[in-house]
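6 protein chains.
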Amino acid sequence: MFMRIDKLQTEIPAPKKQDPNAGAALQELLGGKYGEMSTLHNYLFQSFNFRSKSKLRPFYSLVASITAEELGHIELASNGVAMLNNGPDKPAHEKGNQDVSDAPYKDMQDIRLAASFLSNGGGAMPMSSNGLSWNMDFVTTTGNLIQDLLHNFHLECGARLHKLRVYETMTEDTGREICGYLLVRGSVHAHAYALALKKITGVAIEQMLPTPNINLSRIPECQKYLNEGSHRRLYRFSPDDYKEVSAIWGNGEVALPGDPPGELEFVDGHPEGGRIHDLMGDTRAFTPDYHPEEMFEIATKLYEHSR
Amino acid sequence: MFMRIDKLQTEIPAPKKQDPNAGAALQELLGGKYGEMSTLHNYLFQSFNFRSKSKLRPFYSLVASITAEELGHIELASNGVAMLNNGPDKPAHEKGNQDVSDAPYKDMQDIRLAASFLSNGGGAMPMSSNGLSWNMDFVTTTGNLIQDLLHNFHLECGARLHKLRVYETMTEDTGREICGYLLVRGSVHAHAYALALKKITGVAIEQMLPTPNINLSRIPECQKYLNEGSHRRLYRFSPDDYKEVSAIWGNGEVALPGDPPGELEFVDGHPEGGRIHDLMGDTRAFTPDYHPEEMFEIATKLYEHSR
Amino acid sequence: MFMRIDKLQTEIPAPKKQDPNAGAALQELLGGKYGEMSTLHNYLFQSFNFRSKSKLRPFYSLVASITAEELGHIELASNGVAMLNNGPDKPAHEKGNQDVSDAPYKDMQDIRLAASFLSNGGGAMPMSSNGLSWNMDFVTTTGNLIQDLLHNFHLECGARLHKLRVYETMTEDTGREICGYLLVRGSVHAHAYALALKKITGVAIEQMLPTPNINLSRIPECQKYLNEGSHRRLYRFSPDDYKEVSAIWGNGEVALPGDPPGELEFVDGHPEGGRIHDLMGDTRAFTPDYHPEEMFEIATKLYEHSR
Amino acid sequence: MFMRIDKLQTEIPAPKKQDPNAGAALQELLGGKYGEMSTLHNYLFQSFNFRSKSKLRPFYSLVASITAEELGHIELASNGVAMLNNGPDKPAHEKGNQDVSDAPYKDMQDIRLAASFLSNGGGAMPMSSNGLSWNMDFVTTTGNLIQDLLHNFHLECGARLHKLRVYETMTEDTGREICGYLLVRGSVHAHAYALALKKITGVAIEQMLPTPNINLSRIPECQKYLNEGSHRRLYRFSPDDYKEVSAIWGNGEVALPGDPPGELEFVDGHPEGGRIHDLMGDTRAFTPDYHPEEMFEIATKLYEHSR
Amino acid sequence: MFMRIDKLQTEIPAPKKQDPNAGAALQELLGGKYGEMSTLHNYLFQSFNFRSKSKLRPFYSLVASITAEELGHIELASNGVAMLNNGPDKPAHEKGNQDVSDAPYKDMQDIRLAASFLSNGGGAMPMSSNGLSWNMDFVTTTGNLIQDLLHNFHLECGARLHKLRVYETMTEDTGREICGYLLVRGSVHAHAYALALKKITGVAIEQMLPTPNINLSRIPECQKYLNEGSHRRLYRFSPDDYKEVSAIWGNGEVALPGDPPGELEFVDGHPEGGRIHDLMGDTRAFTPDYHPEEMFEIATKLYEHSR
Amino acid sequence: MFMRIDKLQTEIPAPKKQDPNAGAALQELLGGKYGEMSTLHNYLFQSFNFRSKSKLRPFYSLVASITAEELGHIELASNGVAMLNNGPDKPAHEKGNQDVSDAPYKDMQDIRLAASFLSNGGGAMPMSSNGLSWNMDFVTTTGNLIQDLLHNFHLECGARLHKLRVYETMTEDTGREICGYLLVRGSVHAHAYALALKKITGVAIEQMLPTPNINLSRIPECQKYLNEGSHRRLYRFSPDDYKEVSAIWGNGEVALPGDPPGELEFVDGHPEGGRIHDLMGDTRAFTPDYHPEEMFEIATKLYEHSR
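Protein chains in written order, with my numbering: chain A, 1 to 307; chain B, 1 to 307; chain C, 1 to 307; chain D, 1 to 307; chain E, 1 to 307; chain F, 1 to 307.
Treat the hints with caution; some may be incorrect.
Copies of the same chain look alike in the list, so a pair counts if it works inside one copy or between any two.
Said to hold, decoys possible - Calculated lysine to aspartate or glutamate pairs in the EDC-like style (CA-CA distance at most 16 angstroms, straight line):
no.: 1; residue 1: Lys17; residue 2: Glu172
no.: 2; residue 1: Lys224; residue 2: Glu272
no.: 3; residue 1: Lys53; residue 2: Glu304
no.: 4; residue 1: Lys106; residue 2: Glu172
no.: 5; residue 1: Lys95; residue 2: Asp107
no.: 6; residue 1: Lys7; residue 2: Asp137
no.: 7; residue 1: Lys55; residue 2: Glu304
no.: 8; residue 1: Lys198; residue 2: Glu294
no.: 9; residue 1: Lys224; residue 2: Asp89
no.: 10; residue 1: Lys90; residue 2: Asp137
Derived by calculation from the structure, the hints in this document are not laboratory data.
Whenever a hint applies, use it, and build me the whole structure from the sequences.
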């Protein structure tokens with residue numbers, strides 16, 4: 001079972017301008033081969049299909065609790081895409097030409113992924129930066145523990161690569177912050193799967209890290225997270241379960257050489273997180289609708305009634 | 001953000017025999033057009049992309065909290081698939097011929113979805129009963145509130161239809177229980193989206209329920225859930241958020257005519273749930289591996305160390 | 001623009017038993033690479049995209065009018081699939097066990113394409129005999145006239161091959177009749193595209209026919225159509241247009257050597273056709289619903305009102 | 001069976017310039033989720049798979065006859081795409097640089113959907129504005145009457161949304177006229193399915209219209225169609241069949257509140273329609289070929305012979 | 001550039017009976033996620049896209065020369081599929097009922113992948129055991145050397161797992177021999193990529209082998225290849241190039257602990273190989289055609305002329 | 001079996017600038033419907049599945065040996081894509097801004113296929129110019145000899161059309177040279193399949209050539225290949241096999257009318273070919289890595305050791 005909390009895992013700044021091609025680039029981190037849909041669903045299905053859970057508890061718990069963090073990652077990436085596609089949070093009537101018959105969206109013919117506007121009104125979708133759907137070919141769940149963990153390690157290294165390249169295309173703060181945060185957290189997961197593999201095979205595969213061969217200290221947006229020690233922390237993301245993870249992440253293991261030093265910690269709960277932006281509607285895009293006023297009024301009454 | 005709890009939403013019985021074609025049928029409820037991957041990702045992306053959240057709070061909260069329940073539904077369906085594919089929980093050496101060179105899996109050539117064994121070792125995958133991948137074509141997130149809610153209502157009616165038909169193919173208890181539980185909960189979601197639409201449009205669309213036109217009292221496996229009042233209950237699935245849902249589900253609204261009568265309730269937390277089965281490995285399928293003994297020993301030591 | 005007539009292009013017998021695997025085989029003729037979805041959409045899009053129509057009128061008209069016949073072919077193949085999946089036309093209560101809780105459809109777990117029942121209640125879908133979706137990769141519309149006509153000729157030869165092989169798997173009359181009829185008509189189209197290519201390039205490509213190298217007289221189900229001269233006839237399938245086709249099909253051209261001799265004719269209108277079967281519903285499959293009685297009554301009243 | 005008429009359903013103006021990105025946007029209306037390929041094939045397969053036709057005649061006839069109109073809609077959208085991709089109707093030698101070795105199409109590297117030129121020579125394809133193939137995941141044919149009608153209602157609302165957004169990107173007349181026409185006709189279909197649902201369930205679902213919440217009178221291109229009463233008219237699109245539709249569309253039912261008032265009419269035949277443009281070839285694109293002169297001559301002779 | 005030799009990489013026995021479901025299982029090794037299409041195209045595209053070839057020569061050469069071996073692997077797997085689908089090599093007239101109108105292929109309705117017969121006449125296709133197409137989602141070519149090599153190591157471990165499971169379903173010799181041979185050769189590739197990774201990162205990742213944790217000596221069909229030392233041998237598969245591979249495979253490195261001991265060798269040329277079976281046609285399947293006699297005569301004359 | 005040679009089939013010039021949209025256009029020749037992945041895999045699988053090889057030797061050998069040439073074609077097209085995506089061969093530090101935190105790749109958000117950079121670091125992939133995966137729907141292998149050869153003829157005509165259109169978009173030398181070379185070689189294959197069809201059916205289908213109707217002498221980049229007589233030459237691409245091809249290509253057959261005259265020749269071996277460019281890495285793209293120096297040093301030592 002899962003519970004939901006109405007916050008993002010970190011605070012992200014609002015975009016200063018509408019930038020659908022930046023949103024399209026960020027889609028790669030959401031629905032590309034090494035995107036968050038892939039990490040999420042690999043761990044989700046591996047945890048469902050995990051064999052001999054009772055005998056392999058720490059490994060099961062590792063995969064299961066990271067799954068919960070990944071849910072927050074697709075939320076973060078998706079919020080970023082929607083925010084970049086929709087632009088600054090201002091009321092609809094300040095968003096430009098309001099006349100639907102005057103081609104107010106003529107620019108949308110030239111954005112890279114026109115259907116993001118035409119079909120989804122600027123919303124995020126489980127697709128890559130080229131607009132292709134995420135699908136099960138990105139999921140590995142063989143039931144063989146070594147093979148699955150090895151895949152996860154490789155996947156997280158690939159995710160670092162993706163995030164770095166997407167970051168290198170980004171000129172505005174919303175996308176850069178998301179890349180920075182996800183780089184730190186994804187690097188933790190790469191490290192965690194390396195430690196799991198090491199425990200079970202004896203091979204010091206964490207010495208392949210960082211792959212690609214760059215320390216996150218070179219990324220300004222990663223800095224505050226490194227300072228906080230986020231790179232040394234795995235969260236339990238559960239009220240009561242998965243405590244056995246501390247046998248893998250913790251237990252005297254330390255940060256990777258190129259990162260700020262210190263012991264690894266398995267932490268109760270979840271990060272404090274940041275607010276979810278309001279994502280103001282645009283009547284010309286019929287989001288939430290062309291005449292939403294009555295809707296707003298109904299909702300307000302219902303809301304008041306519910307308190 | 002999301003949290004995870006190491007339980008299923010309800011207790012399901014272990015299968016009495018290995019039955020991969022029953023597992024394949026259950027895949028329709030997981031990755032088919034109206035399966036749980038579809039309901040989950042529709043609400044997930046709609047909640048991420050929701051416009052004017054602050055002005056439409058009860059509607060946003062409805063979609064957001066149902067999302068959390070759907071995560072538990074894919075967990076339930078996936079566990080069912082894996083259990084049916086793998087058979088009763090008995091140690092590997094009791095599972096039949098142990099000689100890998102003696103074609104111990106010759107029957108797997110004739111099951112409907114051979115790749116479920118060959119690639120996934122009996123694990124669940126985000127695919128339909130015909131083995132096709134779930135993909136973004138099953139996600140509707142237009143940003144227009146009426147259109148999205150209407151889609152959700154239609155989706156949940158379709159899900160009822162799927163579940164009924166899958167149920168009608170099932171002869172053993174694992175799959176039947178899952179169908180029974182999901183039928184009750186899916187019917188709640190259909191009702192909830194109908195009420196949301198009624199609040200916002202004034203149209204009494206809940207009068208189209210039940211679609212298909214069958215009361216769940218005809219399904220023996222639904223009976224105990226109806227008796228408990230599960231059909232009148234939406235769970236908050238959150239420590240602190242989404243309380244505004246009670247303005248839609250609750251607030252004097254009552255159960256549908258053909259169901260046991262009573263008021264609708266928006267309930268804190270989550271159902272008590274049931275245990276996750278151990279899904280014992282099979283060395284011949286290399287799950288978790290051919291010689292897992294050393295693995296088990298390492299895990300046991302780590303586990304003890306972690307307590 | 002298109003008009004519709006509520007008949008099939010030929011009369012087909014009702015199936016004597018429900019046979020979903022026969023229906024699945026027939027799907028290859030509907031949604032396989034060389035199926036009717038492919039022939040239809042190739043000619044449809046080629047006719048839309050046809051360059052210099054006014055200067056190439058007979059060729060445009062040939063493609064455009066064959067398109068209309070192909071619409072009737074997908075209708076015929078689809079009706080066949082649905083009929084085989086659903087079995088003989090008898091009232092629901094004669095269709096076997098009526099208790100939804102007694103696994104009345106347990107056999108549906110073992111049919112080749114389980115989703116045909118689970119998702120489509122036995123309906124036809126634009127997919128192949130392996131359950132894969134028809135898609136645009138099967139459409140050739142280059143705008144180059146020779147290339148497009150050459151593709152069409154090749155496509156119709158492939159369609160003959162498909163139909164022959166599907167026919168060789170069929171033991172009951174519904175599917176055999178459909179194969180027989182489509183073999184005759186598809187062979188006409190192969191011949192027609194060959195003549196078009198010959199007119200425009202001078203190459204006697206019709207001498208490659210029949211490919212595969214079998215005369216239809218070997219197929220008993222083709223015999224009555226050959227006797228009627230169907231192999232010498234193209235229909236205009238239009239109230240007033242496309243008359244220029246007679247410059248290609250007709251005009252002294254004659255039947256292929258292995259077929260009954262005679263001149264080719266371009267005929268006004270359409271074949272007389274046969275009735276569309278009623279495809280009786282099954283309440284257990286919720287088609288048209290579990291309790292359809294009220295529905296039937298409403299429909300009857302509306303119907304009477306409309307006369 | 002189907003017949004074809006060599007006209008479009010309405011007259012559309014020729015484009016003033018070649019505009020492949022406008023053509024790409026229009027592809028969304030052809031092959032996107034809510035595009036005309038989707039509406040066509042939903043109704044086509046629902047009509048083939050319709051259960052208990054004889055007992056549900058008015059509903060069967062509604063779906064069956066709207067199918068015929070949808071064929072004309074994909075024709076209209078496809079013609080628009082091809083016209084925008086190919087530009088004004090002028091002879092090849094006036095289309096710019098004629099030297100194939102001088103990169104006459106260098107601009108085609110930067111258009112959104114380069115394969116529209118490279119593979120299809122500017123022709124329309126059954127794909128979305130992002131270039132993805134239409135496929136069976138967009139088809140709903142459950143055999144349950146309420147579920148299928150509900151889907152159709154939702155689909156037509158989605159189609160309105162798509163058309164409005166595509167319209168808002170269009171600056172030239174060809175695309176705008178097509179959007180305007182299809183908006184009026186699609187709104188009729190939404191209304192028709194709403195009425196069908198109301199007849200059969202008693203729920204006044206037509207009160208959800210218009211969704212999105214905008215009257216077509218705000219769209220100048222819709223105006224002349226509203227003036228003609230097109231919004232009150234369903235065509236039979238059949239020489240003799242489907243008359244029972246008048247029991248649903250007609251029979252005292254009236255136009256929606258925001259539209260010009262009046263009774264709904266079920267009309268014999270089809271709209272008068274407009275001419276199909278010649279779509280002049282371009283020798284540099286090898287459409288119909290590089291040296292088409294001989295081809296034209298052959299065709300002319302054949303044409304004369306055929307009269 | 002590539003050259004072709006008209007032999008298989010090893011001798012495989014003819015099947016004793018036609019067994020399409022065994023052929024379908026073998027398709028997993030051809031077009032499944034970890035099949036030979038995947039290994040081939042990963043190394044093919046990595047070799048094309050390899051950065052700084054001149055500075056990383058031994059690594060480039062390793063990937064490039066293994067590519068050539070993989071081409072022979074898809075040939076081997078494909079031959080196996082076609083042989084199992086087509087059965088023993090006997091003349092068409094001994095293959096059973098020759099009357100096309102007597103449903104000679106009625107059994108083909110019930111095989112797992114009916115389109116293998118209907119569309120491909122028993123030929124192999126680039127698809128999985130569930131009939132899904134191989135596609136680019138199975139290709140990793142990031143340009144980052146560590147990431148790509150790590151992927152290849154993981155891919156070859158996955159391929160071992162696939163091959164073992166497919167082998168466990170096989171009761172006849174054709175498929176078992178192919179599995180046995182490919183298991184030995186795939187294990188060599190896993191070992192080779194491990195050594196490459198070790199050279200470049202210092203991590204002793206070859207200690208994870210064998211994954212899955214089973215020595216090939218348990219597979220009787222692997223035995224003769226182990227006896228020959230095939231597990232210690234990489235072939236150059238080139239007249240003159242790629243010699244630098246000996247710096248990785250060779251150079252004092254030895255066989256893995258569980259395998260017969262000895263030094264690794266980089267060998268000139270290619271294995272001696274075995275004959276390609278004739279794959280006798282079947283006139284009823286129109287392969288090569290219904291009346292192939294004239295074809296055979298023409299070919300014989302041409303052949304004699306060519307000598 | 002296949003062997004590999006470390007050269008391209010012809011010499012291609014380095015690009016003068018990075019031009020990802022030109023690379024994207026060239027992808028159509030690699031992974032589009034008529035691209036080299038299609039020609040390769042059609043002939044590869046047809047050669048694997050070829051029926052009655054011993055009786056149809058010259059035809060089998062033709063398909064089998066052309067397959068080997070096609071491998072070199074995907075190599076050529078892929079090298080071109082990667083070179084255009086990566087730009088001139090200069091050391092990483094001359095490639096512009098080296099600071100990963102300064103958005104050095106901001107332009108990559110606006111290229112047509114952003115994932116080519118984000119996922120593949122500029123590498124080629126088996127996809128079309130619209131970014132869609134190549135897949136098995138592009139493979140025809142029916143086992144019927146006429147149908148398969150006819151398909152191949154049509155495919156090569158389509159490939160000519162594709163190559164001409166891609167060429168017409170190219171302004172720089174790398175892509176133009178590749179188009180020029182492939183046009184000549186593809187035209188040879190079209191001619192060869194036409195001759196094979198003529199031998200076996202008697203139909204002079206080669207008279208349809210050239211399709212499209214343009215002689216290659218109009219393409220300056222084809223000129224030197226025509227001068228060398230490349231259009232009259234098929235290569236054996238094998239040390240010892242496939243000699244029977246000379247019965248089809250050769251044997252008194254001559255060049256097509258519009259090409260430089262002369263006899264067709266079946267030539268031993270392969271063309272001399274050209275060098276494979278080094279494709280210098282870019283540290284900012286992490287190709288081969290961010291700090292590759294140590295890697296280079298290891299490789300150099302290994303390389304020296306291997307000589």
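Hint by hint, here is what the structure shows:
1. Lys17 - Glu172: within (9 angstroms within a copy, 27 angstroms between copies)
2. Lys224 - Glu272: Cα proximity of lysine 224 and glutamate 272: one copy only (15 angstroms, versus 40 angstroms across).
3. Lys53 - Glu304: between (47 angstroms within a copy, 15 angstroms between copies)
4. Lys106 - Glu172: Close across copies (10 angstroms), not inside one copy (23 angstroms); limit 16 angstroms.
5. Lys95 - Asp107: within (14 angstroms within a copy, 26 angstroms between copies)
6. Lys7 - Asp137: neither (31 angstroms within a copy, 28 angstroms between copies)
7. Lys55 - Glu304: between (51 angstroms within a copy, 12 angstroms between copies)
8. Lys198 - Glu294: between (60 angstroms within a copy, 14 angstroms between copies)
9. Lys224 - Asp89: neither (26 angstroms within a copy, 38 angstroms between copies)
10. Lys90 - Asp137: Neither, since 40 angstroms and 31 angstroms both go past 16 angstroms.
The structure fails hints 6, 9, 10 (numbered hints given earlier, in ascending order).
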